[in-house]
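If you're matching them up, the sequences are chains A and B in order. Quick note on numbering: the first sequence equals residues 1 to 96 in this note's numbering. Quick note on numbering: the second sequence equals residues 97 to 262 in this note's numbering.
Simulated from the structure, these hints should not be mistaken for laboratory data. Take these hints with a grain of salt, some might be off.
[To be verified] In the BS3-like style, the derived pairs of lysine-lysine whose C-alpha atoms are separated by at most 30 angstroms in a straight line are:
id, chain 1, residue 1, chain 2, residue 2
1, A, Lys84, B, Lys186
2, B, Lys203, A, Lys92
3, B, Lys125, A, Lys92
4, B, Lys125, A, Lys84
5, B, Lys125, B, Lys186
6, B, Lys203, B, Lys186
[Stated by the list, open to error] If you want a taste of the chain A side facing chain B, the calculated C-beta under 10 angstroms gives, among others:
id, residue
7, Ala7
8, Ala15
9, Ala19
10, Leu22
11, Thr23
12, Leu31
13, Ala47
14, Ala51
15, Lys84
16, Leu94
Yeah, the Cβ is synthetic: ideal placement off N, Cα and C, and Gly gets one too.
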Amino acid sequence: MTMHAPAFISFFLFAVAAAGFLTCGNLVRMLMFLELMLNAANIALVALGPAPQSQSYAVMLFAIAAAEAGVGLALIITLASVFKTLEAGNIKELKG
Amino acid sequence: MIVAASVYIFGAIAAAATLLMLFQRNPVKAALLMLTALLATAGLYLAISAQLLAVLQVILYAGAIMTLFIVALAVTPEAWHDKPSPARLKQVLGLAAAAIIYMELVKVSAALRAVPVSREFRDAGTLDLARQLFGPFAFQFELLSLVILASIVAAVTLGMRRKANQ
Numbered sequence: 001m002t003m004h005a006p007a008f009i010s011f012f013l014f015a016v017a018a019a020g021f022l023t024c025g026n027l028v029r030m031l032m033f034l035e036l037m038l039n040a041a042n043i044a045l046v047a048l049g050p051a052p053q054s055q056s057y058a059v060m061l062f063a064i065a066a067a068e069a070g071v072g073l074a075l076i077i078t079l080a081s082v083f084k085t086l087e088a089g090n091i092k093e094l095k096g
Numbered sequence: 097m098i099v100a101a102s103v104y105i106f107g108a109i110a111a112a113a114t115l116l117m118l119f120q121r122n123p124v125k126a127a128l129l130m131l132t133a134l135l136a137t138a139g140l141y142l143a144i145s146a147q148l149l150a151v152l153q154v155i156l157y158a159g160a161i162m163t164l165f166i167v168a169l170a171v172t173p174e175a176w177h178d179k180p181s182p183a184r185l186k187q188v189l190g191l192a193a194a195a196i197i198y199m200e201l202v203k204v205s206a207a208l209r210a211v212p213v214s215r216e217f218r219d220a221g222t223l224d225l226a227r228q229l230f231g232p233f234a235f236q237f238e239l240l241s242l243v244i245l246a247s248i249v250a251a252v253t254l255g256m257r258r259k260a261n262q
């Protein structure tokens, strides 16, 4: 097996998640695809980097992903209670 | 041989689940497909002998983050009734952008076809990872607690504002 196999898998996952993020309008689904993009980047980091260092960075990225999901979902719940919608296209003003 | 087969199988499961998520309209089914993709990724980590990362993937991603998503879907009934906007142009542009990203990444990774999997890729153990985290990366690792604290404060502040508005 060459390094190309895990790299190819992570790049494919990243591209599909990016397609989902760019095409769907629902905020929760967009955040889900964002998490999957981060997950794909993590796979590339672990598979392609030098072993102990890349895995250390991957552990740190896990914590960043958890923090991002927490803040993102809190924002989404607040937006849903203010605008009564989760479609990104229907939210057109910044003042809540 | 077994390692290569596991990488391909878990990679295919993750790719299929992510692809199916694109076409799934029901948010809970989409969340379950995401869970499948995350668990397949944990299997992938196990195959490339990153055992600690596989365990953390199951606990953090498939456990904590997925629970957050399910709770968010449960408390926002708006997510179930929204009609998707019929913006065809946006979808076409999004798919084109993703295709360009994919083609560029594949072009860049073509050089990796000649690089065999390194030895340390197979031999990396949890002890080495722990030595790194509590040795050279100790400061960065501790700094992460501040990041998580800041995110907790942000989430609680947003929740309190929502309660005050109601």
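Check your understanding: Can you name, in rising order, the numbers of the hints this structure does not satisfy?
Key -> 2 and 16
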